[in-house]
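Numbering (numbering that gives the first Met the number 0), first residue to last: 0 to 120.
The hints are simulated quantities; they were obtained by calculation from the structure and are not laboratory data.
Computed from a prediction, not measured in an experiment: that's the story for all the values here.
Among the hints, a few may not be true.
Stated by the list, open to error - Simulated pairs of lysine-lysine, BS3-like, Cα-Cα distance not exceeding 25 Å:
#: 1; residue 1: LYS12; residue 2: LYS83
#: 2; residue 1: LYS107; residue 2: LYS79
#: 3; residue 1: LYS36; residue 2: LYS83
#: 4; residue 1: LYS15; residue 2: LYS79
#: 5; residue 1: LYS98; residue 2: LYS15
#: 6; residue 1: LYS12; residue 2: LYS98
#: 7; residue 1: LYS12; residue 2: LYS57
#: 8; residue 1: LYS36; residue 2: LYS107
#: 9; residue 1: LYS79; residue 2: LYS12
#: 10; residue 1: LYS98; residue 2: LYS83
#: 11; residue 1: LYS15; residue 2: LYS107
#: 12; residue 1: LYS57; residue 2: LYS83
#: 13; residue 1: LYS36; residue 2: LYS98
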Amino acid sequence: MCNESVDLTMNSKLIKMIAEGEHQRQDFKFCINDSRKIARSMVAFANTDGGRLLLGIKDNGSVVGVQSDEEYYMTEAAAKLYSKPPVIFQTQQWLAEGKTVLEINILKSAGILHSAQNEDG
0 MCNESVDLTM NSKLIKMIAE GEHQRQDFKF CINDSRKIAR SMVAFANTDG GRLLLGIKDN
60 GSVVGVQSDE EYYMTEAAAK LYSKPPVIFQ TQQWLAEGKT VLEINILKSA GILHSAQNED
120 G
């Protein structure tokens, strides 16, 4: 797991990612309130072609921001505690419209299938 935490002003890369909207390799999350739900998204990306979660973005593409430390720790719990085997991810922190957007990049697994723990364990 690698954590790259860089504050950047909203630039063309982030604008382009948001403009792409949600698709097979990208999902927007308003916030994280359950690590198990994020684990399911992370596992789905790891088991297919990889992908990214943009935390602090509504489904319509508007920037709402997150509390990056809390969101990072919940993502880390999702990857380590609620995913078997653990999902490998990298992070990038963006500053957009005065709010923090956390980009979570999930790598495609190399021949390993992951599973996510549900509410029943």
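Okay, the hints, checked on the actual structure:
no.: 1; hint: LYS12 to LYS83; in the structure: 32 Å, violated
no.: 2; hint: LYS107 to LYS79; in the structure: 16 Å, holds
no.: 3; hint: LYS36 to LYS83; in the structure: 14 Å, holds
no.: 4; hint: LYS15 to LYS79; in the structure: 30 Å, violated
no.: 5; hint: LYS98 to LYS15; in the structure: 17 Å, holds
no.: 6; hint: LYS12 to LYS98; in the structure: 16 Å, holds
no.: 7; hint: LYS12 to LYS57; in the structure: 18 Å, holds
no.: 8; hint: LYS36 to LYS107; in the structure: 19 Å, holds
no.: 9; hint: LYS79 to LYS12; in the structure: 28 Å, violated
no.: 10; hint: LYS98 to LYS83; in the structure: 32 Å, violated
no.: 11; hint: LYS15 to LYS107; in the structure: 22 Å, holds
no.: 12; hint: LYS57 to LYS83; in the structure: 28 Å, violated
no.: 13; hint: LYS36 to LYS98; in the structure: 23 Å, holds
Comparing the model with each numbered hint stated earlier shows that hints 1, 4, 9, 10, 12 do not hold.
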